[in-house]
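If you want the building blocks of each chain, they are given just below.
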Amino acid sequence: MTAAVETPVVARATLRPVADARLRFSGVLRSEWIKLTTLRSTVWIWAILFALQIGMGALMVLSQDRFGDPSQGAAQTAVFAASIGLIFNQLVIAVLGVLVISGEYGTGQIRSSLTAVPKRLPVLWAKALVFGVSTFVVGLLAIIAAYAVTWPMLDSKGITSDLGDPDVWAHLVGGAGYLALVGLVAFFIGALLRHTAAGIAAAVGLLLVVPSVLSFIVADWSTVLGQWLPGSVGQGLFFGSDIFEPWQAVLVMLGWVTVFAVPAAVLLKRRDA
Amino acid sequence: MIEATSLTKRYGARTAVNDVSFTVRPGQVTGFLGPNGAGKSTTMRMIVGLDRPTQGRVLVNGKPYAEHRSPLHEVGALLEAKAVHTGRSARNHLRGIAATHGIPTRRVDEVIDLTGLHTVARKRVGGFSLGMGQRLGLAAALLGDPATLILDEPVNGLDPEGVLWVRGFVRQLAAEGRTVLLSSHLMSEMAVTADHIIVLGKGRIVADSTVADIVGSTQTFVRVRSPRIDDVARRLTQPDVTVTGVAADTIEVRGLGAEVIGDAALSIGVALHELTTISGSLEDAYMQLTRDEVEYRTAVTPDAAPLAEEVAR
Numbered sequence: 001m002t003a004a005v006e007t008p009v010v011a012r013a014t015l016r017p018v019a020d021a022r023l024r025f026s027g028v029l030r031s032e033w034i035k036l037t038t039l040r041s042t043v044w045i046w047a048i049l050f051a052l053q054i055g056m057g058a059l060m061v062l063s064q065d066r067f068g069d070p071s072q073g074a075a076q077t078a079v080f081a082a083s084i085g086l087i088f089n090q091l092v093i094a095v096l097g098v099l100v101i102s103g104e105y106g107t108g109q110i111r112s113s114l115t116a117v118p119k120r121l122p123v124l125w126a127k128a129l130v131f132g133v134s135t136f137v138v139g140l141l142a143i144i145a146a147y148a149v150t151w152p153m154l155d156s157k158g159i160t161s162d163l164g165d166p167d168v169w170a171h172l173v174g175g176a177g178y179l180a181l182v183g184l185v186a187f188f189i190g191a192l193l194r195h196t197a198a199g200i201a202a203a204v205g206l207l208l209v210v211p212s213v214l215s216f217i218v219a220d221w222s223t224v225l226g227q228w229l230p231g232s233v234g235q236g237l238f239f240g241s242d243i244f245e246p247w248q249a250v251l252v253m254l255g256w257v258t259v260f261a262v263p264a265a266v267l268l269k270r271r272d273a
Numbered sequence: 001m002i003e004a005t006s007l008t009k010r011y012g013a014r015t016a017v018n019d020v021s022f023t024v025r026p027g028q029v030t031g032f033l034g035p036n037g038a039g040k041s042t043t044m045r046m047i048v049g050l051d052r053p054t055q056g057r058v059l060v061n062g063k064p065y066a067e068h069r070s071p072l073h074e075v076g077a078l079l080e081a082k083a084v085h086t087g088r089s090a091r092n093h094l095r096g097i098a099a100t101h102g103i104p105t106r107r108v109d110e111v112i113d114l115t116g117l118h119t120v121a122r123k124r125v126g127g128f129s130l131g132m133g134q135r136l137g138l139a140a141a142l143l144g145d146p147a148t149l150i151l152d153e154p155v156n157g158l159d160p161e162g163v164l165w166v167r168g169f170v171r172q173l174a175a176e177g178r179t180v181l182l183s184s185h186l187m188s189e190m191a192v193t194a195d196h197i198i199v200l201g202k203g204r205i206v207a208d209s210t211v212a213d214i215v216g217s218t219q220t221f222v223r224v225r226s227p228r229i230d231d232v233a234r235r236l237t238q239p240d241v242t243v244t245g246v247a248a249d250t251i252e253v254r255g256l257g258a259e260v261i262g263d264a265a266l267s268i269g270v271a272l273h274e275l276t277t278i279s280g281s282l283e284d285a286y287m288q289l290t291r292d293e294v295e296y297r298t299a300v301t302p303d304a305a306p307l308a309e310e311v312a313r
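Going down the list, the protein sequences come from chains A and B. When we follow the numbering used here, the leftmost residue of the first sequence carries the number 1, and every step to the right adds one. When we follow the numbering used here, the leftmost residue of the second sequence carries the number 1, and every step to the right adds one.
Isolated chain A, as found in the complex (with noise of 0.2 Å):
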């Protein structure tokens, strides 16, 4: 393979001035949104994201003739059917919140990025906005995908939601948002800890192993403690729950966010890389 890289020729025009080179955050998120696209890893995963969130919709659909209480309404049906590939959909995109910080230092790729920008927190920054807003508008997507496919199929059952319905599309762009910040908490663990199969182990650890461990508890404060694990709040934003408004629910999410954002900047800037 080495035989086919032809060696140019010493002689010629070594580096033509690159004009008005500077760095900026601009150009650091653009770098990211390159990085990121660029990568089969997250093709793949989006792929598997919408097959995921229709495929389980549609399957619940046909699995189930009668749907409970007819007074939970066609609006709640609709909802529950876009929705509930979310349940499987947050552990993908866990997978790729932290493989896309973890792969960076798995292969050495970090060392790159930071020297290119040496101050470090843009990086982290960049990469969390760049993933958070794609993980945001491809689980939105694939939510409506969903959406769309389950509704002719209630339809034809008699459940017919109303496609105005704004309490249906609040739920529909809750979901989407669960999905990013839940890949968020994802990604800054992976930052945390550098390591790919440590990084998967903890995030899905926090989303599925801590929850049922707690529900194996028969204590109050574990009652209490698992509704404020992601994974409960999450439910609030898009089957809707009890506990928290949909705002609630959000802050929440975002204290989840910044309990592991704020160790995970502080050690970038700290750690040798």
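It cannot be assumed that every hint is accurate.
[Claimed, not checked] Listed below are the simulated DSS-like cross-link pairs for lysine-lysine, each with C-alpha atoms no more than 27 Å apart in a straight line:
| id | chain 1 | residue 1 | chain 2 | residue 2 |
| --- | --- | --- | --- | --- |
| 1 | B | K82 | A | K119 |
| 2 | A | K119 | B | K123 |
| 3 | B | K123 | B | K63 |
| 4 | B | K82 | A | K269 |
| 5 | B | K123 | A | K269 |
| 6 | A | K119 | A | K269 |
In short, the hints are calculated from the structure, not lab data.
Keeping the supplied structure of chain A fixed, place chain B upon it in accordance with the hints.
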């Protein structure tokens, strides 16, 4: 221009770099030389802020590297081959770096051509050989048209053609007035590339001088062979001259030039069968300088590298 002042880096109990001060000047190639584990890479990493010094500081063109508005325009660094995500193509990797500084894609294609990567630019880096990884690292270092280049073992893994190219290229960059700091553990590489050498051993600076000075600092002696060697030796004996007998008819003389010895032999009418000036090579100088500083010594020390022999006139 790179100025390091009392730079120190400790990892736990181990001191990788110990109170090192030096200046790397523009317009010449400065070689960073030392055995493995001498602290070359750590020092380079501290220059671009990847490692935080335990003590001391290092400035690039008058400021810490991170304080510059356009870091990639100040320093281009190749610190290890393949500091690259293996899943990305070479071109996309470079695009990602270029974007941070608003460097146009045109420039990305320029450095790809310059480093001879055009045939593999769209392939994923995971399949690259070490040599191609080095070329990609070099391409990344050149993106910002940097005033200073820091290259850690740049010829490592390159084919002979690539080695020649890097040597020529590096010299050309220095001739353009850029600052070039390059490391190697190979003395021979330094001898043909560098103007100035900083020798590191166990985290300390062992020598900081021009290539000529470093070679000159090693002992030079003259080997003299003659059927009447005792007479010659007697004639040469004087303060500041050491005469060592190495064989029945051969001596080694330190402190006198071959001309003086030849004339002296003539003056007492003795025929010389051999009169050879033996000067230490850069390799010897290096071995001598770092003899006590080698971090990982091989159990069985091979014979010292053969001395370069140079017949005096």
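Each hint, compared with the structure:
| no. | hint | verdict |
| --- | --- | --- |
| 1 | B:K82 to A:K119 | holds, 22 Å |
| 2 | A:K119 to B:K123 | violated, 31 Å |
| 3 | B:K123 to B:K63 | violated, 38 Å |
| 4 | B:K82 to A:K269 | holds, 23 Å |
| 5 | B:K123 to A:K269 | violated, 33 Å |
| 6 | A:K119 to A:K269 | holds, 8 Å |
The structure is inconsistent with the numbered hints 2, 3 and 5, although it conforms to all the rest.
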